[in-house]
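Numbers 12 to 226, taken from my numbering, label the letters of the sequence shown in order.
Derived by calculation from the structure, the hints in this document are not laboratory data.
Honestly, I wouldn't trust all of these hints.
Okay, the calculated beta carbon distance ranges per label pair [to be verified]: (1) ARG118 x ALA53: 25 to 31 Å; (2) VAL60 x PRO83: 19 to 25 Å; (3) ILE67 x LEU135: 29 to 35 Å; (4) ALA149 x GLY42: 37 to 43 Å; (5) GLY96 x ILE67: 17 to 23 Å.
C-beta atoms are modelled at their ideal positions from N, C-alpha and C, and glycine is treated no differently.
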Amino acid sequence: MDNGDRTLAAPKGVRGAPALAEWARLAAAGGLLARHFLALAATVVVLTVLWTAIYILLLLWALLGGEGLGSPLAYPLGLLILLGGAVAAGLCLFLPATALAEWVARRRGCRVLAQIPLATIFFLIFCLFGGGLWALAAGASFTAGAAAVRGLNLFVLLLLPFGLYWWVAQGWSVAYAGLGVLLRGGKQTLRRAGAAGKRLGARARRAARRRHSKV
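When you get a sec, could you build the whole thing from the sequences and use the hints?
Structure follows, in structure tokens:
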């Protein structure tokens, strides 16, 4: 009966300890997807808010300056372009750079914050590759210089959104590591305080025995 229950709870054909390992892998994959989905959603929301604020400021500037308001399609068209670009950048640049840096850091046993330079380097590499594709799509003759310039422009343009994406995706790991450091430091402080209290108590008992022996 117990085996039947475990078979129902585990993936098909997996029992016992392998079932726990399988569930752990599934949970890790689900957590990875959830973190990157949340990071992409946060990046899209922040960029949407920024575009809306910029459009409102431009609209107020036009009203105060007595200039034309422009086409009513400017805001929704710009928003669609922004959303498409943010999703494309998130899936093609942000996600692979962040995931690859996390994989390398874990393989090397590095700390979470060590992923920041790794992710930045991988992001630059993906931007340079994207710059080459950009040059080809623009119909320009492909040269290493043209690809590098377009890739660096892409890198500079998307560096801040990439930073936001990384912190949303990996911020929980940084917070968890920081909490672990604080807890370990608190335990060490308590142990030291306890040891100091024991030493003081032993000294007090020895002093009391000396006074008692003298009496």
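Here is what the structure says about each hint:
For the pair ARG118 and ALA53, the beta carbons lie near 27 Å from each other, so the given range of 25 to 31 Å is met. Take VAL60 and PRO83: their Cβ atoms lie about 20 Å apart, and the range 19 to 25 Å holds. Checked against the hint of 29 to 35 Å, the C-beta distance between ILE67 and LEU135 comes to roughly 34 Å, which is consistent with it. Between ALA149 and GLY42 the C-beta distance comes to about 39 Å, which sits within the given range of 37 to 43 Å.
The given range of 17 to 23 Å is respected by GLY96 and ILE67, whose C-beta atoms sit roughly 20 Å from each other.
The earlier numbered hints are all upheld by this structure, with none contradicted.
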